[in-house]
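There are 2 protein chains.
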Amino acid sequence: MRSKGFEGMTCSVACVMGALGDRWGMLIMRDLFLGLGRYEDFRRSSGVTNATLSDRLKALKAQGLITRQRYQTRPDRHEYLLTEKGRDIGLVLMSMMQIGSQWNLPGLEGPALYLVDGSSGHKVKVALVDTETGQQVSPQDVMVTLGPGADELTRWRSAGRIRKPEPSESETGHDQRKT
Amino acid sequence: MRSKGFEGMTCSVACVMGALGDRWGMLIMRDLFLGLGRYEDFRRSSGVTNATLSDRLKALKAQGLITRQRYQTRPDRHEYLLTEKGRDIGLVLMSMMQIGSQWNLPGLEGPALYLVDGSSGHKVKVALVDTETGQQVSPQDVMVTLGPGADELTRWRSAGRIRKPEPSESETGHDQRKT
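Chains as they are written, first to last, in the numbering used here: chain C, 1 to 179; chain B, 1 to 179.
So that you can see chain C by itself, here it is in the shape it has in the complex (with noise of 0.2 Å):
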């Protein structure tokens, strides 16, 4: 069951996930991100019903994240790529796989998939960039400032972890809130 509304809230997390309708759309994106491009091989990857697998495709590609093409004809076979909006999402993907790793899979002796460079074969991780020196920032440092697009609730939502205006940089530094 897909929910309704969270594309027309005023929040970036709701949007995205408006975007993918729900935990399938996410699978199918997985699928895509691996390589896959099938409507067999959606099924076959996470065992999803065929109602719910179209249902997903359709929404998907009416949001822009998905486009269908024919590959073949006679008889005319069709497969499904990344959007470059898609491809976006490969970060929430590629953050997933790594939250998942670290948490040790039930049963599994380790993770699934290491995310590797390409060309270096190095392991690569999604880590948090200080946008001026390149520097990696710890999670629990990262705070919010509200953008041009922040209304009333989000001001309101967000007031925790808003980073106050510097009376001495190295007061304000860390985390205020409890958790």
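Treat the hints with care, as some may be off.
Because identical chains share one entry, a pair is satisfied inside a single copy or across any pair of copies.
What the hints assert, rightly or not - Simulated crosslink set (DSS-like; lysine-lysine; CA at most 25 Å straight-line):
{"no.": "1", "residue 1": "Lys58", "residue 2": "Lys125"}
{"no.": "2", "residue 1": "Lys164", "residue 2": "Lys61"}
{"no.": "3", "residue 1": "Lys125", "residue 2": "Lys85"}
{"no.": "4", "residue 1": "Lys58", "residue 2": "Lys123"}
{"no.": "5", "residue 1": "Lys85", "residue 2": "Lys58"}
{"no.": "6", "residue 1": "Lys61", "residue 2": "Lys85"}
{"no.": "7", "residue 1": "Lys123", "residue 2": "Lys164"}
{"no.": "8", "residue 1": "Lys58", "residue 2": "Lys164"}
{"no.": "9", "residue 1": "Lys61", "residue 2": "Lys125"}
{"no.": "10", "residue 1": "Lys61", "residue 2": "Lys123"}
{"no.": "11", "residue 1": "Lys164", "residue 2": "Lys125"}
The set of hints was computed from the structure by calculation and includes no laboratory data.
Given chain C, work out where chain B should sit, using these hints.
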């Protein structure tokens, strides 16, 4: 409606989504990440119904992502906090915030929130980093290799993005997929 069975899949993406439950679960995690913690706050923040909210809070607690703590007696009042495991989800949330901002939410002049370093105030972004060199890696250059937890289905599913062993490092470097 929380889907069943995602937790059992040998896939980190499915596992993380299984723990989150659904998109409402993700919005509750977003609220906790931003510093909210009380039942009424979650209601106000996302407009979630009482039935859904109660259910998702129980599920997130059962998954070990949140805890419930008394912060006042007479009358007893409780709040929810992220566990260490729950805080891991921050990376997924920040990835979604970043992508949603890139996509430009309809009708907004710009992003609602920016991620910043609490100390320096510099903008922070979610990026892919080479764990050996610390250099940033472009998303399309990321491939995967099989880990010890990879089962038959994972091998098949990932075949299109698995990095080939290096005959000559420079030839296998780039994304062999069509997407």
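Each hint tested on the structure:
{"no.": "1", "hint": "Lys58 to Lys125", "verdict": "neither (32 Å within a copy, 31 Å between copies)"}
{"no.": "2", "hint": "Lys164 to Lys61", "verdict": "neither (41 Å within a copy, 31 Å between copies)"}
{"no.": "3", "hint": "Lys125 to Lys85", "verdict": "both (21 Å within a copy, 18 Å between copies)"}
{"no.": "4", "hint": "Lys58 to Lys123", "verdict": "neither (35 Å within a copy, 36 Å between copies)"}
{"no.": "5", "hint": "Lys85 to Lys58", "verdict": "within (16 Å within a copy, 34 Å between copies)"}
{"no.": "6", "hint": "Lys61 to Lys85", "verdict": "within (11 Å within a copy, 33 Å between copies)"}
{"no.": "7", "hint": "Lys123 to Lys164", "verdict": "between (36 Å within a copy, 14 Å between copies)"}
{"no.": "8", "hint": "Lys58 to Lys164", "verdict": "neither (44 Å within a copy, 33 Å between copies)"}
{"no.": "9", "hint": "Lys61 to Lys125", "verdict": "neither (29 Å within a copy, 28 Å between copies)"}
{"no.": "10", "hint": "Lys61 to Lys123", "verdict": "neither (32 Å within a copy, 32 Å between copies)"}
{"no.": "11", "hint": "Lys164 to Lys125", "verdict": "between (30 Å within a copy, 19 Å between copies)"}
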